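*Asks:* Residue-level listing of the chains:
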Amino acid sequence: MEVIYTGLRQTPEQIVETAIQEDVDVIGLSILSGAHMTLVPRVLELLRQKGMTDVLVLVGGIIPEEDAKALKEMGVAEVFGPGTPTDEVVKFILEHVKRS
Amino acid sequence: MADVEALVEGILRGERRAIARAISLIEDEAPEAEALLSAIGPHTGRAYVVGITGATGSGKSTLIHKLVGAYRRRGLRVGVVAVDPSSPFSGGAFLGDRVRMQDLTLDDGVFIRSMATRGSLGGIAEATEGAVRVLDAAGFDRILVETAGAGQLDVGVAGLAHTVVLVLAPGLGDEIQAIKAGIMEIADILVVNKADRPGADQTVADLMSALEIEAKDPSGWVPPIVRTVALTGEGVEELVEQIERHRAFMARSGLRFTEKKVRAMLIEAIKRALTADIVPLITRSAKFDGAVRMIMGGRLTVGAGADLLLEPLKRFLRERA
Numbered sequence: 003m004e005v006i007y008t009g010l011r012q013t014p015e016q017i018v019e020t021a022i023q024e025d026v027d028v029i030g031l032s033i034l035s036g037a038h039m040t041l042v043p044r045v046l047e048l049l050r051q052k053g054m055t056d057v058l059v060l061v062g063g064i065i066p067e068e069d070a071k072a073l074k075e076m077g078v079a080e081v082f083g084p085g086t087p088t089d090e091v092v093k094f095i096l097e098h099v100k101r102s
Numbered sequence: 022m023a024d025v026e027a028l029v030e031g032i033l034r035g036e037r038r039a040i041a042r043a044i045s046l047i048e049d050e051a052p053e054a055e056a057l058l059s060a061i062g063p064h065t066g067r068a069y070v071v072g073i074t075g076a077t078g079s080g081k082s083t084l085i086h087k088l089v090g091a092y093r094r095r096g097l098r099v100g101v102v103a104v105d106p107s108s109p110f111s112g113g114a115f116l117g118d119r120v121r122m123q124d125l126t127l128d129d130g131v132f133i134r135s136m137a138t139r140g141s142l143g144g145i146a147e148a149t150e151g152a153v154r155v156l157d158a159a160g161f162d163r164i165l166v167e168t169a170g171a172g173q174l175d176v177g178v179a180g181l182a183h184t185v186v187l188v189l190a191p192g193l194g195d196e197i198q199a200i201k202a203g204i205m206e207i208a209d210i211l212v213v214n215k216a217d218r219p220g221a222d223q224t225v226a227d228l229m230s231a232l233e234i235e236a237k238d239p240s241g242w243v244p245p246i247v248r249t250v251a252l253t254g255e256g257v258e259e260l261v262e263q264i265e266r267h268r269a270f271m272a273r274s275g276l277r278f279t280e281k282k283v284r285a286m287l288i289e290a291i292k293r294a295l296t297a298d299i300v301p302l303i304t305r306s307a308k309f310d311g312a313v314r315m316i317m318g319g320r321l322t323v324g325a326g327a328d329l330l331l332e333p334l335k336r337f338l339r340e341r342a
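Each protein sequence line maps, in turn, to chains W and X.
So in this note's numbering, spot 37 of the first sequence is number 39, and the numbers just go up one at a time.
So in this note's numbering, spot 183 of the second sequence is number 204, and the numbers just go up one at a time.
If you're looking for bench data, these hints aren't it; they were derived computationally from the structure.
Among the hints, a few may not be true.
Unchecked claim - Here are a few chain X residues that face chain W, going by a calculated C-beta distance under 10 Å:
#1 Leu33
#2 Arg34
#3 Arg42
#4 Glu48
#5 Arg95
#6 Asp105
#7 Gly117
#8 Arg119
#9 Asp124
#10 Gly130
#11 Ile133
#12 His183
#13 Thr322
#14 Val323
#15 Gly324
What the hints assert, rightly or not - One-sided excerpt, in silico: chain X residues whose CB lies under 10 Å from chain W:
#16 Ala43
#17 Ser45
#18 Arg67
#19 Tyr69
#20 Leu116
These numbers come from a predicted model, not from an experiment.
All residues carry an ideal CB built from backbone N, CA and C; glycine is no exception.
Okay, chain W solo, but in the shape it has when bound:
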């Protein structure tokens, strides 16, 4: 796996444009600010606009149960809470990435 790190405080526009340029299979969003119900839907919307629907979107951070449920309904593949073992995330990615 090759991980491209973009640093902190990226806008949804920057995230999606980076995903395009790097031709990624997965986007991992880490959000601790509480703004996930605003930022994540915006990322999903931009991905749809750009035709990047085959990209797996994962969210990690402090996300309340009901928000996690709502995000998954919107198209987030999985939400990982604090303390999730890395192996679990890796396993999920390997099982769910569409493109080889």
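With the hints as your guide, set chain X onto chain W.
*Replies:* Leaving out everything else, chain X in the frame of chain W:
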């Protein structure tokens, strides 16, 4: 299978997804890669390629960020290919060069792509060349290729760059390493970044004396030493001017490379081929096993054993010389 024709059309129109997809196909050595590269071939050769190399911590990502800004102010479109090493243990890579360049992401005139070495030096040199061609065909005027100062890799990248910039910083001790590793011979421009730090004068002095000792290139090109502070942008305009001066110099000379650089690149390529192709021929021979046993018995030293095994090859080359 990706539709090569559609991808090529997309690249020529400068569509970012097509550019990105195409680079992935080349990077993954996909079956479509060859057809793709030959289709874009006629549309390449316009971009000016600048290789930027330096040790981790020399500040080259920050410098590239500023360099892109300077070119953008001149109205030029800029592609960046940032190469980082893969882990030899996991095969994976953590690519962090973008962090320093993220505010360029939304600029239509800039395209940044990260690449991992994935183990093979030959492979990454080819993949990098492929990525450069795609960006060239997509109409980028300047393409900056960043490598992490890993010696052999930089020599590989030097072969596709028109100008090679070596970035050093005071206190890393890397000027000495660069001289030892033969990287200085491939550099057209030397940058002492973090020039506001103590020790910068010493680094410049060390480089100047190294340049004194070295044989001058017959073309007359002497690598300039540029002081920069990438964080503030100090010296970046001068760096751009020196790159453009080198460009004009080479255009006037009618040469693709200076002699000194070609000698250094060729020596490096020969060393690589010797290790990859000739060493296995020797180690798989019965003579090698014989030498191993003699050394084990204390009847032969390691050095003498190596001489013995190489003697036929040396004799052959001497007779042909």
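*Asks:* For each hint, tell me whether it holds in the structure or not.
*Replies:* Taking the hints in turn, this is what the structure says about them:
The beta carbon of X/Leu33 is not positioned within 10 Å of any beta carbon in chain W (closest approach about 18 Å), and the interface hint is therefore violated. Taking 10 Å as the C-beta contact cut-off toward chain W, the hint placing X/Arg34 at the interface is violated, the least distance being around 15 Å. With a least beta-carbon distance of about 6 Å to chain W, the hint placing X/Arg42 at the interface is held under the 10 Å criterion. At a threshold of 10 Å, the smallest CB-CB gap from X/Glu48 to chain W is about 9 Å, leaving the interface hint in force.
With a least beta-carbon distance of about 22 Å to chain W, the hint placing X/Arg95 at the interface is violated under the 10 Å criterion. Below 10 Å, beta-carbon pairs count as interface contacts, and X/Asp105 has one with chain W at about 9 Å; its hint therefore holds. Using the Cβ-Cβ criterion of 10 Å, the hint placing X/Gly117 at the interface with chain W is satisfied: the shortest such distance is roughly 5 Å. Interface restraint check: X/Arg119 against chain W, minimum CB-CB distance 6 Å, threshold 10 Å, status holds.
Nearest Cβ of chain W to the Cβ of X/Asp124: about 8 Å, under the 10 Å cut. The hint holds. At its closest, the beta carbon of X/Gly130 sits 13 Å from a beta carbon of chain W; the interface hint therefore is violated under the 10 Å criterion. Because the smallest distance between the Cβ of X/Ile133 and any Cβ of chain W comes to about 6 Å, under 10 Å, the interface hint for this residue holds. The restraint placing X/His183 at the interface with chain W is violated, with a minimum CB-CB distance near 23 Å, outside the 10 Å limit.
About 45 Å separates the beta-carbon of X/Thr322 from the nearest beta-carbon of chain W, more than 10 Å, and the hint is not met. Nearest Cβ of chain W to the Cβ of X/Val323: about 40 Å, over the 10 Å cut. The hint is violated. With its C-beta approaching chain W no nearer than about 42 Å, X/Gly324 sits outside the 10 Å limit, and its interface hint is violated. Satisfaction of the interface hint for X/Ala43 is found here, the shortest Cβ-Cβ separation to chain W being roughly 9 Å, below the 10 Å cut-off.
Because the smallest distance between the Cβ of X/Ser45 and any Cβ of chain W comes to about 4 Å, under 10 Å, the interface hint for this residue holds. The criterion of a C-beta within 10 Å of any C-beta in chain W is not met by X/Arg67, whose closest approach is roughly 21 Å, and the hint is violated. Because the closest C-beta pair between X/Tyr69 and chain W is about 21 Å apart, greater than 10 Å, the hint is violated. Interface hint status for X/Leu116: upheld, as the beta-carbon distance to the closest one in chain W is roughly 5 Å, under 10 Å.
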